[in-house]
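**Student:** Protein sequences appear in the order of chains A, B and C.
Quick note, the first sequence lines up with residues 1 to 151 if you use our numbering.
Quick note, the second sequence lines up with residues 1001 to 1151 if you use our numbering.
Quick note, the third sequence lines up with residues 2001 to 2151 if you use our numbering.
Read the hints as simulated data drawn from the structure, not as lab findings.
Ideal placement from N, C-alpha and C gives every residue a C-beta, glycine not left out.
Some clues are possibly wrong.
With a straight-line cut-off of 27 Å between C-alpha atoms, the simulated DSS-like cross-links for lysine-lysine are [said to hold, decoys possible]:
#, chain 1, residue 1, chain 2, residue 2
1, B, Lys1018, A, Lys150
2, C, Lys2018, C, Lys2045
3, C, Lys2018, B, Lys1150
4, C, Lys2150, A, Lys102
5, C, Lys2102, B, Lys1031
6, C, Lys2116, C, Lys2045
7, B, Lys1045, A, Lys45
8, A, Lys18, A, Lys150
9, B, Lys1116, B, Lys1045
10, A, Lys150, C, Lys2150
11, B, Lys1150, B, Lys1018
12, C, Lys2031, C, Lys2150
13, A, Lys31, B, Lys1045
14, A, Lys18, A, Lys102
15, A, Lys31, C, Lys2150
16, A, Lys102, A, Lys31
17, A, Lys150, A, Lys116
18, C, Lys2018, C, Lys2102
19, C, Lys2045, B, Lys1150
20, C, Lys2045, A, Lys102
21, B, Lys1102, A, Lys18
22, A, Lys102, C, Lys2018
23, A, Lys150, C, Lys2102
24, B, Lys1018, B, Lys1045
25, A, Lys31, B, Lys1102
26, A, Lys18, B, Lys1045
27, C, Lys2031, B, Lys1031
28, B, Lys1116, B, Lys1150
29, C, Lys2150, C, Lys2102
Partial pick of chain A residues on the chain C-facing surface, computed with a CB cut under 10 Å [unchecked claim]:
#, residue
30, Glu5
31, Lys18
32, Gly21
33, Leu46
34, Leu52
35, Glu84
36, Lys90
37, Pro105
38, Ala106
39, Asn109
40, Lys116
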Amino acid sequence: MTIIERLQELNIELPNPKAGGVYSPAVQSGKYIYVSGQLPVQSGKLLNPGKLGDNVSTEEGYAAARICAINALGAVNTLLGSLENLRVIKSVGYVSATTDYKEHPAVVNGASELLKDLFGDINGVGARVAFGVASLPAGSSVEFELLLEKI
Amino acid sequence: MTIIERLQELNIELPNPKAGGVYSPAVQSGKYIYVSGQLPVQSGKLLNPGKLGDNVSTEEGYAAARICAINALGAVNTLLGSLENLRVIKSVGYVSATTDYKEHPAVVNGASELLKDLFGDINGVGARVAFGVASLPAGSSVEFELLLEKI
Amino acid sequence: MTIIERLQELNIELPNPKAGGVYSPAVQSGKYIYVSGQLPVQSGKLLNPGKLGDNVSTEEGYAAARICAINALGAVNTLLGSLENLRVIKSVGYVSATTDYKEHPAVVNGASELLKDLFGDINGVGARVAFGVASLPAGSSVEFELLLEKI
């Protein structure tokens, strides 16, 4: 089963993210693919905007992070025309959070668990950073950045 | 026209940034040049300090981000002795912002549009992340990090 | 003297960090080693939790950043079985801070000075970013991310 077939099985449709500024959604350099920070935009609408620890629950943040990862994969698929033979090297999860919120990793797992499901226990799990930011573009609750390697 | 000549045309003088801690302004590893987070220091003074959404307007943040990019290029020029044959791979824009600020990409465009002007539509536009931080060194409103590739 | 011997001389015991989510503490890609964001966990306890500019002093943050760096080295040693022939390329210091805190670089120096001591003035000093975040996992005051190159 290809990654695209697995996505279809999960009823996930890959979007074609547009840049919201002067940047590319994803660029390739040698064997590396750098994906720009992705917001949880779904069908043109931001999923679960706001702040963790305030109006957005950890479960809602998890769902938002999953959409961010789908958008990251959409950007990669637009760039490469395929999602095969890729390895997750590093990701960063930016969580818009109150100053006393503590569950950032549980939010970012929404992106990481999808990547692990798709690319496997070895190639789907990379290094990661998760932390709480003061605010995100458009009032988003989560932003997700990804570095992949062609293998 | 070289990048240096284009900078002169724009009346931009390249600085020679000093590190404000135990780090190098820029390091080369293989074909990659990693540039440390740059503040909008101009002639020894921090431009437009404070916070977006509070005392710093989006236009003032844009101007600060542009100075950050100039300082990043100064660090690269000091390291390599040239700004030719470079490609923008990834940048990160750190915007000191209130918890409800939403225009981070418009601020970071101040850095990205200069890079695009200098390096062109292909090599001057890479992946990017922009987000709001709680605070920055010295009370800066913007910090900018850059990853370049020698081509 | 090997790095491990120098660590013993400094009475530093290398831990074997566990991931607090769906990620690897460190991964290798070609000659690069990407280390996940490390918290200042020491003997299972978070050192100096809280916020810089509030309940955590710059000196306490410095001590926390040093433990983060030790944990990063523990993750690398677990992955590679050695700490020899490594170069610091880039690090990121995430400082949980109030909105008016300004001394982030002095905090992150706690990690950077240890790396410089261990790997030397050339190979131990890379590019760096330091900034203030709204909150960190588990209420940590500091998080530290590291990119190394095998030389």
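**Student:** All hints are to be evaluated individually against the structure, with a verdict given for each.
**Tutor:** Each hint tested on the structure:
{"no.": "1", "hint": "B:Lys1018 to A:Lys150", "result": "violated (36 Å)"}
{"no.": "2", "hint": "C:Lys2018 to C:Lys2045", "result": "holds (13 Å)"}
{"no.": "3", "hint": "C:Lys2018 to B:Lys1150", "result": "violated (36 Å)"}
{"no.": "4", "hint": "C:Lys2150 to A:Lys102", "result": "violated (34 Å)"}
{"no.": "5", "hint": "C:Lys2102 to B:Lys1031", "result": "violated (34 Å)"}
{"no.": "6", "hint": "C:Lys2116 to C:Lys2045", "result": "holds (26 Å)"}
{"no.": "7", "hint": "B:Lys1045 to A:Lys45", "result": "violated (41 Å)"}
{"no.": "8", "hint": "A:Lys18 to A:Lys150", "result": "holds (23 Å)"}
{"no.": "9", "hint": "B:Lys1116 to B:Lys1045", "result": "holds (26 Å)"}
{"no.": "10", "hint": "A:Lys150 to C:Lys2150", "result": "holds (20 Å)"}
{"no.": "11", "hint": "B:Lys1150 to B:Lys1018", "result": "holds (23 Å)"}
{"no.": "12", "hint": "C:Lys2031 to C:Lys2150", "result": "holds (5 Å)"}
{"no.": "13", "hint": "A:Lys31 to B:Lys1045", "result": "violated (40 Å)"}
{"no.": "14", "hint": "A:Lys18 to A:Lys102", "result": "violated (31 Å)"}
{"no.": "15", "hint": "A:Lys31 to C:Lys2150", "result": "holds (18 Å)"}
{"no.": "16", "hint": "A:Lys102 to A:Lys31", "result": "violated (35 Å)"}
{"no.": "17", "hint": "A:Lys150 to A:Lys116", "result": "holds (16 Å)"}
{"no.": "18", "hint": "C:Lys2018 to C:Lys2102", "result": "violated (32 Å)"}
{"no.": "19", "hint": "C:Lys2045 to B:Lys1150", "result": "violated (44 Å)"}
{"no.": "20", "hint": "C:Lys2045 to A:Lys102", "result": "holds (15 Å)"}
{"no.": "21", "hint": "B:Lys1102 to A:Lys18", "result": "holds (18 Å)"}
{"no.": "22", "hint": "A:Lys102 to C:Lys2018", "result": "holds (18 Å)"}
{"no.": "23", "hint": "A:Lys150 to C:Lys2102", "result": "violated (40 Å)"}
{"no.": "24", "hint": "B:Lys1018 to B:Lys1045", "result": "holds (13 Å)"}
{"no.": "25", "hint": "A:Lys31 to B:Lys1102", "result": "violated (34 Å)"}
{"no.": "26", "hint": "A:Lys18 to B:Lys1045", "result": "violated (37 Å)"}
{"no.": "27", "hint": "C:Lys2031 to B:Lys1031", "result": "holds (13 Å)"}
{"no.": "28", "hint": "B:Lys1116 to B:Lys1150", "result": "holds (16 Å)"}
{"no.": "29", "hint": "C:Lys2150 to C:Lys2102", "result": "violated (34 Å)"}
{"no.": "30", "hint": "Glu5", "result": "violated (23 Å)"}
{"no.": "31", "hint": "Lys18", "result": "violated (27 Å)"}
{"no.": "32", "hint": "Gly21", "result": "violated (20 Å)"}
{"no.": "33", "hint": "Leu46", "result": "violated (19 Å)"}
{"no.": "34", "hint": "Leu52", "result": "holds (9 Å)"}
{"no.": "35", "hint": "Glu84", "result": "violated (18 Å)"}
{"no.": "36", "hint": "Lys90", "result": "holds (5 Å)"}
{"no.": "37", "hint": "Pro105", "result": "holds (4 Å)"}
{"no.": "38", "hint": "Ala106", "result": "holds (7 Å)"}
{"no.": "39", "hint": "Asn109", "result": "holds (5 Å)"}
{"no.": "40", "hint": "Lys116", "result": "holds (6 Å)"}
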